[in-house]
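K.L.:
Heads up: the sequence lines are chains A and B, in that order.
Read in order, the letters of the first sequence correspond to residues 41 to 281 in our numbering.
Read in order, the letters of the second sequence correspond to residues 88 to 331 in our numbering.
Hints were generated in silico from the structure; no laboratory data involved.
Each residue gets a CB set at the ideal place from its N, CA and C atoms; glycine is no exception.
It is possible that part of the hints are untrue.
[Unchecked claim] Computed Cβ-Cβ distance ranges for the label pairs, DEER-style:
| # | chain 1 | residue 1 | chain 2 | residue 2 | range |
| --- | --- | --- | --- | --- | --- |
| 1 | B | Glu-331 | A | Pro-79 | 19 to 25 Å |
| 2 | B | Leu-101 | A | Thr-218 | 38 to 44 Å |
| 3 | B | Cys-314 | A | Ser-80 | 46 to 52 Å |
| 4 | A | His-232 | B | Glu-245 | 27 to 33 Å |
[What the hints assert, rightly or not] Computed far set for chain B versus chain A, every beta-carbon distance over 12 Å:
| # | residue |
| --- | --- |
| 5 | Ala-95 |
| 6 | Val-128 |
| 7 | Gly-131 |
| 8 | Pro-253 |
| 9 | Met-272 |
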Amino acid sequence: MELAVKIKNVSVTLGGHFKALSNINLDLPIGKTIGFIGPSGAGKTTLIRGIVGSLRISSGEIIVFNMPAGSVDLREQVSYMTQELSVYPDLTVKENLKYFITMTGQPRKASGNTLKDILELVDMTNKQDSLVSDLSSGQKQRASLAVALIGSPKLIVLDEPTVGLDPVLRERLWSLFTKLASQGTTLIISSHSMDEASRCDDLVLIRDGKLVAHSSPRELLQSTDTKTVEESFLKLVGDKE
Amino acid sequence: MSVRKTLATSKRVLSQLRHDQRTLALIFIVPSVLLTILKYVFQGESRIFDSIAPMLLGIFPMIMMFLITSIVTLRERSSGTLSRLMTMPIAKSDFIFGYAIAFCLLGFVQALISGGIMLGLLHVTVLGGTIPTMLVAVLAAFLGTALGLFTSAFARSEFQAVQFLPAFIFPQLLVCGLFVARSEMAKVLQWFADIMPLTYSVDAMKQVTVSSSWTGTLTRDLIVVACFAIAALILGSATIRRQE
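For reference, chain A alone in the conformation it holds in the complex:
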């Protein structure tokens, strides 16, 4: 099986004493939607930041497309949406996208189409000339998500992308994620919402910086003899404690 990400014995200690991740081992396949599921503070963002190379891991190894995480050659292949609003509030949606399109190194001629497509994907065409600061929180979230969809990255890492979105748009975005995965893109999507987990091809359950489980939703439900991912999670956590 070809891997998008290989995580070997990864531990991260923050601030000299707080163990944010403990000995994580994961093989994440190409062309799947992989959900990092766990409560707030579980270590999802820390693991994500390790994968995109913005956090130095204390020990172990993270390999992305056969290269160490954070390698220069990966910067055109990996796109990342942070949990914070990582777009400029004092620019319009269109200005933000144009800027980030240039920063991702997209060819100048392709910018127009790319911009239009992305705006349609996140349903922001009618808000493209609005300042981000004037948008609702859900619209800001979509503007930030739009940046992660620029170009054709092989790995898209989205940290809580659906927070604050209405159910209709959430549904559309999940359809988009599934479509991208079917075209060969790997998506890592973190969420603390268990009801989104069943939409993923692969689930990585994390709690207190430790890996609780890694399997498909169906396998997870079968192995724990439960009906929902939330019940599985609770059962697995209960078993370990």
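Fit chain B to the given chain A structure using the hints.
P.N.:
Then chain B, alone, in the frame of chain A:
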């Protein structure tokens, strides 16, 4: 480094400021208003105003660009946009020089407006001519931008960024020779002034004011200011980390 990405960063910074009219007013209008007020403060003693005004033209751009750049850059660092940019295929120098170009451009326009008002409406005589005056003012803006980019790395909030003004800029202002000739100060203050960049910016403007020809001292002062600015840009670039 990519010219396209650097210029796109400059354009983006300028677009952000275009939407912030209050900041634009601070940059373009406030220095001229302050100079005009000063003119009438020294109404009976125009010679004092004539000697101080050009020096202020070398100080205002530095202070304003320092303040604005440090806050804008701090916002980048804390809002997640810088983290996102650092995962993209851009060089740190694209980011840093993009900022430097944008603020130097603003400094140039500021110098044009303030210098125009000072020379044209307030009738201050500068023996060295308009172009050297503008050059010193733009270089002062460049210095303020570079120092702002660098010091923003040491602030965690906008409140802390503003604190660098009294802690880092005001001491330079006191000893740069604006109020008292540096030779009349205590020796230790002279030494301090000798290693501070604002001293050379003010010195350069003094040279432009009193000398009709381009002097060796002016060249030296401009080189020192430029070196300080470039060093601050390089250090500022080093404070941007792709990995934490």
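K.L.:
All the hints need checking, so say for each whether the structure fits it.
P.N.:
Structure-based check of each hint:
1. Glu-331/B <-> Pro-79/A: 19 to 25 Å: holds (23 Å)
2. Leu-101/B <-> Thr-218/A: 38 to 44 Å: holds (40 Å)
3. Cys-314/B <-> Ser-80/A: 46 to 52 Å: holds (48 Å)
4. His-232/A <-> Glu-245/B: 27 to 33 Å: Holds, since His-232/A and Glu-245/B (Cβ atoms, about 30 Å apart) stay within the stated range.
5. Ala-95: For Ala-95/B, whose nearest Cβ neighbour in chain A is about 4 Å away, the distance does not exceed 12 Å, so it is violated.
6. Val-128: Per Cβ check, Val-128/B is outside 12 Å of chain A; nearest 36 Å; holds.
7. Gly-131: Answer for Gly-131/B: holds, closest chain A Cβ roughly 45 Å.
8. Pro-253: Fine: 27 Å to the nearest Cβ keeps Pro-253/B off the interface.
9. Met-272: holds (43 Å)
Hint compliance for this structure: hint 5 is the single one not met.
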